[in-house]
Structure formats: C-alpha cells, structure tokens
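Engineer: So the chains spell out like this:
Protein chains: 4
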Amino acid sequence: MAQVKDFLWKPGLSVEELVENMGNIGFQSVELKKAADVIVKMKKNNSDIFLTFTSNMVSSGLRGFFAQVIRLGLCNVIVTTAGAIEEDIMKATGEKFLIGKFDSDDVELHERGVNRIGNLLLKNESYMNFETWIYSALDKFYAKKKKWSVSSLLREIGLMIDDKDSILYQAAKNNIPIFCPAITDGAIGFHLYLFQQKHKDFEIDVVNDFGNILLSTSFDAKKAVIALGGGISKHHAILCTLLNGGAEYAVYMTTAHKTSGSMSGATTSEAKSWGKIKDDSDVATVIGDVTVMFPLVMIKALEELNREGFLKNATS
Amino acid sequence: MAQVKDFLWKPGLSVEELVENMGNIGFQSVELKKAADVIVKMKKNNSDIFLTFTSNMVSSGLRGFFAQVIRLGLCNVIVTTAGAIEEDIMKATGEKFLIGKFDSDDVELHERGVNRIGNLLLKNESYMNFETWIYSALDKFYAKKKKWSVSSLLREIGLMIDDKDSILYQAAKNNIPIFCPAITDGAIGFHLYLFQQKHKDFEIDVVNDFGNILLSTSFDAKKAVIALGGGISKHHAILCTLLNGGAEYAVYMTTAHKTSGSMSGATTSEAKSWGKIKDDSDVATVIGDVTVMFPLVMIKALEELNREGFLKNATS
Amino acid sequence: MAQVKDFLWKPGLSVEELVENMGNIGFQSVELKKAADVIVKMKKNNSDIFLTFTSNMVSSGLRGFFAQVIRLGLCNVIVTTAGAIEEDIMKATGEKFLIGKFDSDDVELHERGVNRIGNLLLKNESYMNFETWIYSALDKFYAKKKKWSVSSLLREIGLMIDDKDSILYQAAKNNIPIFCPAITDGAIGFHLYLFQQKHKDFEIDVVNDFGNILLSTSFDAKKAVIALGGGISKHHAILCTLLNGGAEYAVYMTTAHKTSGSMSGATTSEAKSWGKIKDDSDVATVIGDVTVMFPLVMIKALEELNREGFLKNATS
Amino acid sequence: MAQVKDFLWKPGLSVEELVENMGNIGFQSVELKKAADVIVKMKKNNSDIFLTFTSNMVSSGLRGFFAQVIRLGLCNVIVTTAGAIEEDIMKATGEKFLIGKFDSDDVELHERGVNRIGNLLLKNESYMNFETWIYSALDKFYAKKKKWSVSSLLREIGLMIDDKDSILYQAAKNNIPIFCPAITDGAIGFHLYLFQQKHKDFEIDVVNDFGNILLSTSFDAKKAVIALGGGISKHHAILCTLLNGGAEYAVYMTTAHKTSGSMSGATTSEAKSWGKIKDDSDVATVIGDVTVMFPLVMIKALEELNREGFLKNATS
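Chains as they are written, first to last, in the working numbering: chain A, 18 to 333; chain B, 18 to 333; chain C, 18 to 333; chain D, 18 to 333.
Just chain A, with the same shape it has in the complex (with noise of 0.2 Å):
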C-alpha cells in the first residue's frame, strides 16, 4: 500500500514530475495520477479508445489539446455534442473566444451582442459567420448525395477544413470517426432543418451512425472510454462499449457526484453494475474541472508514452 510522502517543489519542476508525486499526496490528487496510469495502460494495451467531451471544453482551450490527442493516437472514436462541432468550426474559420468573467452583467453583454458560456465569451455574428460558412458546405454535401450519417457528414466537413489545430480536421485526417448522437442540438440542428426544408429529399440518418459506432470497434477488441464531462457523450461511449461486451478501461473525468444518480455523476463503479466496465477493469474517477485536470492527466500519459514510442506523428 502507497505512502503519503511530502511533496516539495524545485525549480523548473515539469507536469509530468508533478503529476508522479501527486501519486502519493492524497484525495483528488491520487486519482488524477491513476487517471494518468490508466490511459497509458489502454494505449500500451493496445485498446480502442472512445473519447467523451462536451461542447464547453470546446469552447475553451482544450480544443487544440484535443486535435492533438488525436494527432498522436490516443483516440480511435470521439462522442461529442452539436455545440463542440460548431465551435471547432468557428475557430477553424478564425472566429474569436475572449476570456471574460464569470459574474458578468449579462443584460449588458447582451446589448452588446455578446454570449457568455461560463467565463467565456463569444460574438453573435460568430454564428452568422458559421451560418454562412454551414450553408456553403451542405450545398456541396448535398450535390454528392442526399443521405448522411452524422459521422459522415462530419468527416466530410473535417476533409473541408485547414487548421491542424481543429478536431474535426485531425479527427478526419486519422480516420477517426466522430460521433454526434444529438446533432440538431444547437444552431446546426436549425440549418440543418432550414435545408432540408428547400431540400425536401435531404436526410439526415442518425440510426445507421448507431451502427457505425457498434462497428467502430469489435466484442474481441480491448476497449477503454475517457470521458470528459457528462451528458449524452458519455452515455453513448459507455452504452456502445457495453454492446460491445464492455470497456477493460475507464477515466472518468466530471465536476457532478454521484449523490443525484445522474449519468454525469456516474462514477466508474456504478458502471460495473451495468457490465459497462468489466469487473476487472482498471478504472479511476477524477472529480474537477476538466480544463486543469485533463491537461494534467493526459500530458503525463503522453510523455510517458512519447518516451516509450506508443505515440503517433510524435513530437520528435
């Protein structure tokens, strides 16, 4: 059984040395560490990774993170939601996000055209830009067929896009194929239904994409969800992997408790009673907001990996 030892700092101290004492500091500290432990452990093992976000993390500075996660190989499916998708978008095509505050007048902000999503801020004519940039694009879509699955249509929005900072870009250009249960969930859902109203043989098939993802992966596949976040991403992934005879590894990674019984508070082992995680998996829940705590986790994993050679495209 571990010890507690004293951390103590010295100049120049990186993440990942951080991150390796932080195993034996205690509490919230421990588990960010198994976090760490675990995702190099689904990599070296060779696992399909399902990676779980909402659209807020996308909102902030994680979304390049996440793009190079994807880079170097650390994911084979992403589940996210409608507003991550547009926001990737938007920043591909050079809209802004400023840092604002989260006790904000927000009757004021919003006389001035502003949105406000947490501590963050964004313009509306960011969402007129993306309506025409979204309008332009399912014109071509639609001139090369009328039916799409969600993670098709995706693809072929990543394969439109340059900036190897964005996740649809990487996501498309890895072959890695990216999951949108509830695509008309956000402005996209309103362009979407504006075209096919001129479009009346446009189709959208959110049914076949539940068939994508089961063949994403296999039963004999080893599988393994780090999920960032709640919601419905993070159901999906769980929900996929178990059809698929369940995950051998979990991170999960959220600010909610299990104390309401709500999927985003689910931690790793209610989702042994659902045969989600195999009984034997390695599993850890770290309680904590996703934009200092997934940096910390991930970026250790990584160099552990980059050192051992399990990265793809790696930083030299």
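Any given hint could turn out to be false.
Intra- or inter-copy, both count: the list cannot distinguish identical chains.
The calculated DSS-like cross-link candidates involving lysine-lysine, where the alpha carbons are at most 25 Å apart (straight line), are [as the list claims (entries may be wrong)]:
| no. | residue 1 | residue 2 |
| --- | --- | --- |
| 1 | 27 | 329 |
| 2 | 51 | 190 |
| 3 | 157 | 181 |
| 4 | 190 | 162 |
| 5 | 162 | 217 |
| 6 | 162 | 215 |
| 7 | 113 | 61 |
| 8 | 58 | 181 |
| 9 | 329 | 118 |
| 10 | 118 | 51 |
| 11 | 22 | 164 |
Since the hints were made in silico from the structure, they are not lab data.
Assemble chains B, C and D onto chain A, guided by the hints.
Structural biologist: Just chains B, C and D, lined up with the frame of chain A:
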C-alpha cells in the same frame, strides 16, 4: 426587501405552508419559493411551458408526478432523453425498480444481473422485456408508415400505453409533444438500428423534429422553460425558445454549478447573455437534488393554481 | 427491498405525507426519509443527541426552528461556532436580517454599510449594537466571577435573553449546554480580547469545556449526532461522542462531498472507520442545502414523535 | 480582453509553462492562473500574508510543501485547526499515513484499527504514540510556565521538532506564528484537558491569542489572505485582516460553492461586502481540490518569485 423570519413548525403543517415560509428562511429555500412563484406566474400568464428532465428522474418515482403535471396542464412541450422514454415504457409494462444504496458492491450486483442508477436498481430482465415490447411496437408503426419523426413515434407509443402514471400516455392523451433529440442514445437506439437493418426503408427523421419543436410555440407566444437537471434536454428547450424570440420565464433546478462552464450548471443569469432568457424575465435557479426540490416547488405552485382554477383535469 | 413508487400530489398534502412518499422516490429523497427515521429512532431509544450547526444557518430563519427543536427536547448538547452565538443575540435584541441576492454588487453593499452572507444581508449597525450589548453583559458576568468556561458563559447569556425564538434562551431554560470550541473566532473574540485587556484577571477556559462536553454524556448512554453542515462543530461532536465510546445514531446533512477528504464532506460511512459511529449504527447522509433538507427531515420526525408523546413542552 | 488560445503540449513541458497557458484555456484554469498572479503580486508588494489550511491537507502530502512555502517566505501568519497540528507532529515523529480508497469497507478498517480520512489511512497506534509524545512535551512546557497562549505553545513545539518538512518546525525557525482558534477540537484537546486535571493551574489562554494575531500585522501594512479550504481557519484570517483595515489581496481555493451561504464556499466577491477584502483588491477564487490546485498555483508563483529574487532561503 424581505426579512429573514424565524421558521416554526406546527403539527400537520402542509407542504404549501412550509414552502411559503421558506421564502423567509434564506439560501436555497428562498430560491425554491421564488421558483414556485415563477411557475405560478408563467401558468397564469398563459405561457407555452417547456418542461425538460433527464433519464434518472424517470428511473425515480418522479415519473408518476411528471405524468400528473402533464395531465394538470402545467407543460406544453417536453424535452427528454432516450433513457427516460425506455424507463417510462418499462414501468408502464410492469417492470419494477428497486431502492438500493449508493455504495453497493457493484461487481456482485452485476453477477446477479442487476443494474444500478445511483441508489436505484433495475434488472437485466426488464431490458429484455422492453426489447420484446419495442420490436412488436415497431412492427405496428412500420406497417403504418416508413418514415417517422421522433415526436410522432413517441406519440404513437403513448397511444398504445394504458397507464395513467405514464408520461408518454398522458402526453399523447393531452396532445403534448415529447421531443428527444438523441433518440438513439439508449437501448432503443440499438433496437431502431436492428429494425432498420431488416427494413432498409424505415427512417427516423430527427431534422424534421427540429421544425416540429420550433412550431410547437411561436414568436408571439409567451414562453417558459422549467429545466430539471442539465444536458441536452435543458439545452434543447433553451435553444428552441431562443429561436422563437426567447423565454419570458425560466426555472432551472440542478446539482451542477456554474463554475465549470457547463450547460448543466448554467444559471438563469447566463441565459440572459444568450438572449435565451429575455432581460426582464422572471427567473429562478435552485441548486439541489430534483427528487426533493421539484416536488416542493411544484406542489406549492399546484396548490395555488388549483385554488384559483388554473389546473386542467383538476383534482377536486 | 423497497420499490420505487410513482409519487402523486393531492391538494393539501402535508409535509409528513410528502416525506413519507420520498422514501420511494429515489436519490436524495430516499436518504432524507431515512434521516427522519433515524431521528425518530434515536429519540425513542432515549439517546443523548448532539446537534451541530454552522453560523450561516443562524443567519437564516432556521434559528427559530433550532430554538423550537431544543424546546421540544430533540437535542441534549449543542455545538456551534462564534458567529452563531453573535447572530442569535443580535436577533434576540431586535436586529433585522434581510433577504438579498447571491449575485450582488458587493462594492455597493459595502459602501452602504451592508454585509452579505450568501443571499442574506446584515447591517454594520447591527454589529455596533451587538458590541454595546456584549460589553454590558461581560461587565455583569465579570462581577460574578473572573474565570468562565465557554458553555457557562453562553448559559449566562441565555438566562439574560428574553426571546422564545432564541437558541441561547431555550438552551439555558431547558438546561441544554452549548459548546463553542472556537469562541474567539468572531466579533465576540475581539470583544473578549478588549475586555481582557481592561481586566487582566478575566479568563475564558476552553480546556475545561472539553471536560464539560465529555461529561455531558457517558460511555453507557446511547449517543447520537445530528450534524448540519461541517467544520469544527461537526468534528467536535463526533470527537466527543467517540471518546465516550461512539455514537449509535448519526444524521449528517451537508452540501460538501467526500471526494476532497474534508470533515465537512465526510459521510457516516467514513465515520465507521474512526469508530466514531459504531459499526451497527443507524445512519443517514443527506446531500443538500440545510435550509430545505432540515425542515423536511425534522418535521417528519416531529410529527411522528408528537403523535406518540415523545416531545417535551409539546404543541398540543 | 484576453483571447482563448488552443493549448498544445510539447515534451518536457514545465508546470510553469502549463499554468501560463492555462490563463488562456477557460473556466477554472483561468482562475488558477490568476491566483498565481495574485500571489506573485502580494509577495512583491511586501504584504503580510495569512495562509490558512485545514487538517486533511496536512494528512496529505501537501504538509511538506506547506513547510517549504513557509521556509521560502511566502507566508507571515498561519491559521489552522487542531488536527493539522497533531498530524504534523505525528509525521515529524515518524508515523506513516497510507493511500487507501474513498470507497472502503469501513467496518473492516475499524476492526483492523485503521482510521480513514477520504482516501488516506492512519493507524490507531499513531494516535497512541502521539499521546505519549504530547504528555512528555506538556510536562516540559509546564515546567517553564503555567499559562500559555496557543501560538506560544505551538512555537515551543516547533522548536522541539527536528524535521525540516514539518510545518511547526519551519514556522518556529522562521518566526512565523501559527494560530489555532479551536485548539481543543482534536485529540490534543483531550490531552490538554487530562493534563489540566492533574495540574489545575495549567492554563491555555485563547483570548490573548486574539490580540497576538491582531498584532501580527498592522492597519498600515498591506495584507493578503491565501485560504485553502474553508471553516474557521479561513474565517479567522479574514476576520483578523478585516479588523486591521482589510486585506488588499486574497486567493480562496475550495470545493465548496457559494450557493449554501457557507464560509467555506464564500467567494472573494462576498468578502468585498464585508469590507474584508478592500474594494479594489486583487482577488481570485479557484474551485477545486486543493491537492491539485494549490501545487499548480503556488509552483507558478514560486518559479517567478525565485527568478526575481523574492524567495527567502531560496533553492539555488
């Protein structure tokens, strides 16, 4: 400005009296009382009320209360997730949910074929019975037509069900549409997929439902949102009222906090910056477990509305 | 094993009926109902009940309810903090607390001489009036004797107060000791210090009070803890029952979570490892705001105990 | 206004670089970076820094880091609780704390004589060794004088300890006073009580220490508060800086939220209404587990201060 008043119990105290007193206690009890007032106001002012809830609330005994709230005319549009649909059907067809513990031996539960949702338990068997039921239902629907929007499918299911405590039943009977923007995110998604494999021309049109939810209210109508928990249900209702000019009233109830920038934790203040909630809206954000907070808030509102004759199908 | 049952409202529903129903709803409502049962049991089994609460709860309207709970014989020992003492006195001497907002303009409040505690407001003036009152009281106490334990001082204050809704008054009148292990952590600490500067032989003996709280119960007595919120009040009650062999019953109510390893978030399960709660104890941990949760739990218990004649000074 | 920037990893990334980047990520990472900046500013502007922490943080491996922070001159006054004192002594005298699990079988732990603090474990035996140590120490102190303020007692203990990773040792060696307004709230309270029973003239003067903490800074000095966790430690530091005219700088770090009106969850905004934080203060509130957040924040500050020569006894 209201004063803090010492709360005192007297034997036989009613829920209405307690919540009335809570307005002068402090902290969340004040917000709770305000939430009841906002609900009374939205109903009296004849708003189109969007009620959203998450799947785990339907696992809980709130399910019958939601059905009652629909029957009494306290909501005009429902937004929820796939799990909520499944579990309402399971309960309507006789499946039992049990009260367990948050800290369970999950491996042992799994071996016994029991799934855990927080401190609630559900047998694998119930999922199997649901499978049989839904395939038979899909056969009937398919015989009628090949292409379904989600809301029309859910209405059809509601018409098949014979259980006055069912959400789907009461919604269908009272002409309240149920929207489920991520219908494939559940066991039902798998069943739809298998059905579609057999019947290639069977189609679920989610894009069309975006139009249906938009048309379920209008720009001129007064609109209101009661969002229980977070996730896409909450987001979808806010989005759709926004596209119709914004809601006048909003009650959010959640265990999430705004500090992580998530939709689940977003407050009614943030919504103002999105123009989601109009600047002068009547709003309340209650932090707490919905299984406790919602009955208190809604009962307070129901008592007052009942007395003043604003309830449909009212209990005498 | 209990089943989930659909909750249904009927007009005039009482708090007791609601909480009874909550036992079959799920998540925190189940824990809440259990907490009420544990309180009934601890009282019927004639336990020495330690009630602990934090200062902000006395800022709120729970203050009068605490006084009522003391009067009705539902606690034998109280542990709280300095702020709770001060604010009980302020209220007893006519100071008003107002209901404000969590998101206030705090600079503007400060300029108006108003202090904020969450969504409650208190004027600087009230602190000044308290200062006058406490100096006059200290003069009287000092005339009686030079050396005081905290609990004897608080009892003396209680005997001076004439307000049936006061905690100090009801505690003194009903011979319930109030312990305050950090009496100097408040404005009162400053006043005691100034008084001691003038009267060098004036002495507050906190060590002696440790003996007093130990002797307030016994090894053989059944012991119980109702801890509202966390901090040293909760810790002190657990510590003192532990030194007397451990509590048989415990109800913890808090918004904190166990994931940070704090005392405030510690559950009744953790307490078992400390021998704090005996292994076979009847325990419940309710997560939620005490201003909502405590009235529900305690009213349910009071109704049952009242009917069966277990309340002192009972409301007829 | 700062922009959101895509975060990208590169091999060997230092903690300083990561936190620098966090200022442009969003949500809590932004607050975290701001907290580091506020600490740098308070130190460069020569403030009297009040550092507060709770007992469980000393159970964790942060204990050695706190000692290092004291040695490097990053705090001038410490406020903490009795448990923190006890556990610092236990560690200094060789007791081991182990890493366990949040979900333990607590009855089994109790039977093995093991106590749990979140996911940390401590043997009963360590308490017994502490008892022997403290009685022997009290004998020595009593031989010197009969009446002790808490801070002078803690200083005396620090001078007896020989462990450079000890908080008490570094505080004593660097003339940093430690205040503990609830010294009796722990095993040490029991030991003090038994000692006083034997030596009736032995006296702990908590009132005098209120004067000592007031005089540890001055009205004219710039003052700053770094509050880790909540409870009386946080409250006491805020109170004492307030009585000296208020703090210019404040960093709060906590897992509690403001929505329950507790001191633990009170933000630096609320503090403005109390005049606790002066209106134009530089402040940051970081929501998250201190075992992760504090090392990040403080390392960022230490790196910068070290480079610019602001650290005492600096690591070369």
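Engineer: It remains to establish, for every hint, whether it holds in the given structure.
Structural biologist: Consistency of the hints with the structure:
In this assembly of identical chains, residue 27 and residue 329 lie within 25 Å of each other by CA distance solely across copies; the values are 14 Å between and 32 Å within a copy. In this assembly of identical chains, the alpha carbons of residue 51 and residue 190 never lie at most 25 Å apart, being 31 Å within a copy and 36 Å across copies at closest. Taking the shortest alpha-carbon separations for residue 157 and residue 181, only the intra-copy value of 22 Å comes in at or below 25 Å, while the best inter-copy value is 49 Å. Taking CA atoms no more than 25 Å apart as the test, residue 190 paired with residue 162 passes inside one copy only; the shortest distance there is 21 Å, against 40 Å between copies.
Taking the shortest alpha-carbon separations for residue 162 and residue 217, both the intra-copy value of 13 Å and the inter-copy value of 17 Å come in at or below 25 Å. When the C-alpha separation of residue 162 and residue 215 is checked against a cutoff of 25 Å, the pair qualifies both within a copy, at 15 Å, and between copies, at 23 Å. Proximity of residue 113 to residue 61 under the C-alpha cut-off of 25 Å is found in neither arrangement, the shortest distances being 37 Å within a copy and 34 Å between copies. In the homo-oligomer, the alpha carbons of residue 58 and residue 181 never lie at most 25 Å apart, since the shortest distance is 27 Å inside one protomer and 37 Å across protomers.
Neither within a single protomer nor between protomers do residue 329 and residue 118 lie at most 25 Å apart by alpha-carbon distance, with minima of 38 Å and 35 Å respectively. Taking CA atoms no more than 25 Å apart as the test, residue 118 paired with residue 51 passes between copies only; the shortest distance there is 12 Å, against 32 Å inside one copy. Neither within a single protomer nor between protomers do residue 22 and residue 164 lie at most 25 Å apart by alpha-carbon distance, with minima of 59 Å and 36 Å respectively.
Checked against the numbered hints above, the structure violates hints 2, 7, 8, 9, 11; every other hint is satisfied.
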